Structures are given as structure tokens and as C-alpha cells.
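Undergrad: This is what each chain is made of:
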Amino acid sequence: MKKLIWFLSGLGCLVAAGGAQASPEDDRRSVVQAVQEKYPNIKVEDYVYGALAFSPDAKAQYDAVMTFPPYEAEIDKGARMWNTPFKSGKRYADCFPRAGKDVAGNYPMFDNAAKKVVTFEMAINRCRTDNGEAPYKHSDMNTMGLLTAYARTLSDGMKMNIKVEGKDALAAYEAGKRLFHQRRGQLNFSCAGCHINYVGSVLRTEYLSMAPGQATHWPAFRGGDYTLFTLQRRYAACHQMVRLVPLEIGGEEYNNLEYYHSYLSNGLPLKASVFRK
Amino acid sequence: MYQIPTPIRAAGACLILMAGFAQSVHANGPKALTGQELAFDNRKGNCLACHSMPSDAQAVTSTDIAPPLVSMKERFPERAKLYAQVWDATKAKADSLMPPFGKHRILSDDELNKVVDYVYGL
Chain Z
164 MKKLIWFLSG LGCLVAAGGA QASPEDDRRS VVQAVQEKYP NIKVEDYVYG
214 ALAFSPDAKA QYDAVMTFPP YEAEIDKGAR MWNTPFKSGK RYADCFPRAG
264 KDVAGNYPMF DNAAKKVVTF EMAINRCRTD NGEAPYKHSD MNTMGLLTAY
314 ARTLSDGMKM NIKVEGKDAL AAYEAGKRLF HQRRGQLNFS CAGCHINYVG
364 SVLRTEYLSM APGQATHWPA FRGGDYTLFT LQRRYAACHQ MVRLVPLEIG
414 GEEYNNLEYY HSYLSNGLPL KASVFRK
Chain F
422 MYQIPTPIRA AGACLILMAG FAQSVHANGP KALTGQELAF DNRKGNCLAC
472 HSMPSDAQAV TSTDIAPPLV SMKERFPERA KLYAQVWDAT KAKADSLMPP
522 FGKHRILSDD ELNKVVDYVY GL
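Sequences listed follow chains Z and F, in order. So the first sequence is numbered by this note's numbering: it starts at 164 and just counts up by one. So the second sequence is numbered by this note's numbering: it starts at 422 and just counts up by one.
These aren't lab readings, by the way, just hints derived from the structure by calculation. From a predicted model like this one, the values you see are computed outputs, not experimental measurements. One should not assume that every hint holds.
Said to hold, decoys possible - Not close to chain F: a few residues of chain Z, all C-beta gaps over 10 Å, as computed:
(1) Arg243
(2) Arg291
(3) Asp331
(4) Phe343
(5) Asn351
(6) Gly356
(7) Cys357
(8) Arg367
As the list claims (entries may be wrong) - Quick list of in silico lysine-lysine cross-link-like pairs, DSBU-like style, CA-CA up to 35 Å:
(9) Z:Lys440 with F:Lys514
(10) Z:Lys201 with F:Lys524
(11) Z:Lys201 with F:Lys465
(12) Z:Lys201 with F:Lys452
(13) Z:Lys440 with F:Lys502
Unchecked claim - Partial pick of chain F residues on the chain Z-facing surface, computed with a CB cut under 10 Å:
(14) Lys452
(15) Asn467
(16) Ala487
(17) Pro521
(18) Arg526
(19) Ser529
All C-beta atoms, glycine included, are put in the ideal place defined by N, C-alpha and C.
Work out the full structure, taking the sequences as your base and the hints as a guide.
TA: Structure follows, in C-alpha cells:
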């Protein structure tokens, strides 16, 4: 029996073979492999470009915008927020290792004491409240959005490094995984239906990006007027598109979703803040 | 420095409308849509999100998700089979991406019949 299990897991068949639970690393590998098999010519590093990886024209437009991002003044606003001391005299930089450099790729992380997923936004709010300031609303793009538009640039190039360790962490990961794969609502879609099963296909006019890499490049400034979208605001937008009432930005369900979804991007480099259509 | 208009807008103004399934407001109130309109409209059938219709020049889409809707009478000698596919695609294929238009009341029975009539003519 042991031999059989070893043999099956070697083939990556264990999941299909029975109810055995896949580890997060198995999940990530099989999702990445599926994209690789479908698109052998796209380098895994390029998954961070998402839909742009399928369209040289769109990628060229992206590269042009990224040379002199027209939304740079917005990121500067975020930088001023980041550098302004709290009433306590401390700064955000005092709350994070390396003054906040190369940290964002560790989030979401699991807090085993609180038994909760902690997003980068939550860590920022924790810093605020520890220093006597009111927390920001995660859905407020004028505060939390702008602040992370800068704070995440400090982690540019860092590889996404999400850890799922222990039973409670795994439960949160599994909850996020269910949300990603479960079909819901009137239109009966799941995130996976579009971003795993139909990666690279065109939905009316839009290439569907691959799930791995999707969590690396936030916030994004989107469209003709460069509207700022955090990752969870993007979740809400996809939910809206498929006629589901979006869940709460910063709420536990989206936090768990972000935990699973970010795990799928492990090993890929972060980049803030990018342009997206 | 380039001034951008207030970048943060009400969440409603999402760009994914282009791709999509999002609702928008009808400018000229409710009026009965034709089968073709129902099939094209992204708040109704939105078939063009996933199907091309090579025999209808007005059907503009870049999609490659699902089989092109063409020669339908040959491929669906029984209209009922076509109706059943649009009513609930998950019956034929459990993990179908195609929304169950009848079963989930995305289209009313009248609308669904109009769409099927239109598609049957392709």
C-alpha cells in the first residue's frame, strides 16, 4: 500500500485517486503545470503579466505606460502618508522588519494566536492602532489604497512567499480554496472556471489571465482614468461582473481567498503599482 | 506633472464591463428584445462572451471559449436538444462554463425560446 501511495503521488494522481487532501504545494504545482502544458511558450516568470502574456500588443501598451506611469503622483501621495510620523512620533517603517522593505510578499500570513489570516492591510492597520491612530477601511482607496500603492513598492522584486503551517492555517487556506472553486450565483461561475479552466481563452474581448501571478502586482491603476484597485477590490469587481453581491473588502472570506490565491503565486516576484486595462 | 482625475471612483465604474456580465441601465426603458438582441446583450444571453456566430455579420466578438454557433439545424436536428443545452448546459457536461439560462432564470421562458429560435437559424 505504501508503495502504491508513493507511486501514485509521484504521478500526481493521489487527488484524483481518492479523497486524500492535496497539500498547498501540490495545489500550486498542479495549477502552474496546467498552464505550462497549455502554453509551453509562456515563461512562468511572465505569469505576473496575466492577460498581457497572451497579447504582445497589450503588453507593448503596458510597457509604454509603465515607462512614465501617469499615476505616479498618486503613488507619491502614498509615499507622503507612509513617511508622515504618527502622533506617537513613530512611523510605519518602525512597525515592519527592514523598515518595510521586502515584507509584502510574506502576506497574507497566518496568525496562529488569533487563528486568523493577516493581510498586509491588516498589518498596516495594526501599526496604526498600536500607535494610537484610527484604522483605515480596507475598501477606502483614498487612504488604504494609496498607502499600499506606495508601501508595496518597497517589496518590488521580492518573491511571493506565503506559508501555510499548522491545522488552523490549513483550514483558512482550504476555505479560500473552496471560495475560489465553488460555483455560485445566478450565472453559476467560479473563479477557477475562468482563471484555471479557461486560461488564455478570450471572454468576448478579454483574455483570461492565469491564477498564478494574479496576486503579485497590486494595487493596479486601471483603465483610461487609472482607477486604483487593490487586489480585494478586484475580487469584488469579478464578483460584480458575474452578478454576485461582492463580499466585504477586508472581511474574513476575502482574506481567506487572498491567502489561497496568493499561495498560487509563490515564487513569483512582486511589483507595485502597475497599469491594467 | 500630469494631473489625473480623481482616480478613486465609486466601485460601480468597473472596467470589466467590456468583458462582461455586469448589469447596466437601459436608456430607453424596457422594450421587448429580439432573439438576436437577447443573444448579444451582456445582461441577457451574452452568448457572444463565449461563442462566435460566423454566419451573422453583426455578431462581433473575439471569443474562442466555446464552439462557434453555426449550422445549428444540421447539428441539432431536434430543436429540443438545443433548448435543453441553453436551459441547463451542466446537464450534458457537469463542469460546463456555460450558465444555466433557463434553470437559473437568467432568461425567462419567452426570452429563452426567442434566443433558441434565433440560434437555430444560424
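Undergrad: Look at each hint and say if it fits the structure.
TA: The hints, checked one at a time:
Non-interface call for Z:Arg243 relative to chain F: holds, since the shortest CB-CB distance, roughly 14 Å, exceeds 10 Å. For Z:Arg291, the condition that its CB be more than 10 Å from all CB atoms of chain F holds, with the nearest at approximately 19 Å. Against the 10 Å criterion, Z:Asp331 stays outside the reach of chain F, whose nearest CB is about 31 Å from its own CB. Against the 10 Å criterion, Z:Phe343 stays outside the reach of chain F, whose nearest CB is about 15 Å from its own CB.
Not every CB of chain F lies more than 10 Å from the CB of Z:Asn351, the least distance being 5 Å, so the non-interface label is violated. Its beta-carbon lying about 5 Å from the closest one in chain F, Z:Gly356 breaks the requirement of being farther than 10 Å from that chain. Separation of Z:Cys357 from chain F is inadequate, the least Cβ-Cβ distance of about 8 Å not exceeding the 10 Å criterion. Taking the minimum C-beta to C-beta distance to chain F, about 4 Å, the non-interface status of Z:Arg367 is violated against the 10 Å cut.
Proposed proximity of Z:Lys440 and F:Lys514 is supported: the alpha carbons are some 33 Å apart, at most 35 Å. For the given pair, Z:Lys201 sits about 32 Å from F:Lys524 by alpha-carbon distance, which is consistent with the 35 Å threshold. Straight-line distance between C-alpha atoms of Z:Lys201 and F:Lys465 comes to about 31 Å, which keeps the hinted pair within the 35 Å bound. The suggested pairing of Z:Lys201 with F:Lys452 is violated, with an alpha-carbon distance near 44 Å, which exceeds 35 Å.
This hinted pair does not check out: Z:Lys440 and F:Lys502 have alpha carbons roughly 39 Å apart, beyond 35 Å. Against a cut-off of 10 Å between C-beta atoms, the interface hint on F:Lys452 is violated, since the closest Cβ of chain Z lies about 22 Å away. Taking 10 Å as the C-beta cut-off, the interface hint given for F:Asn467 holds, the closest approach to chain Z being about 8 Å. Proximity of F:Ala487 to chain Z holds as hinted, the smallest CB-CB distance being about 9 Å (cut-off 10 Å).
Taking 10 Å as the C-beta cut-off, the interface hint given for F:Pro521 holds, the closest approach to chain Z being about 6 Å. A cut of 10 Å between beta carbons decides the hint on F:Arg526: the least distance to chain Z is about 7 Å, and the hint holds. The restraint placing F:Ser529 at the interface with chain Z is violated, with a minimum CB-CB distance near 13 Å, outside the 10 Å limit.
Against the hints set out earlier in the document, violations occur for numbers 5, 6, 7, 8, 12, 13, 14 and 19.
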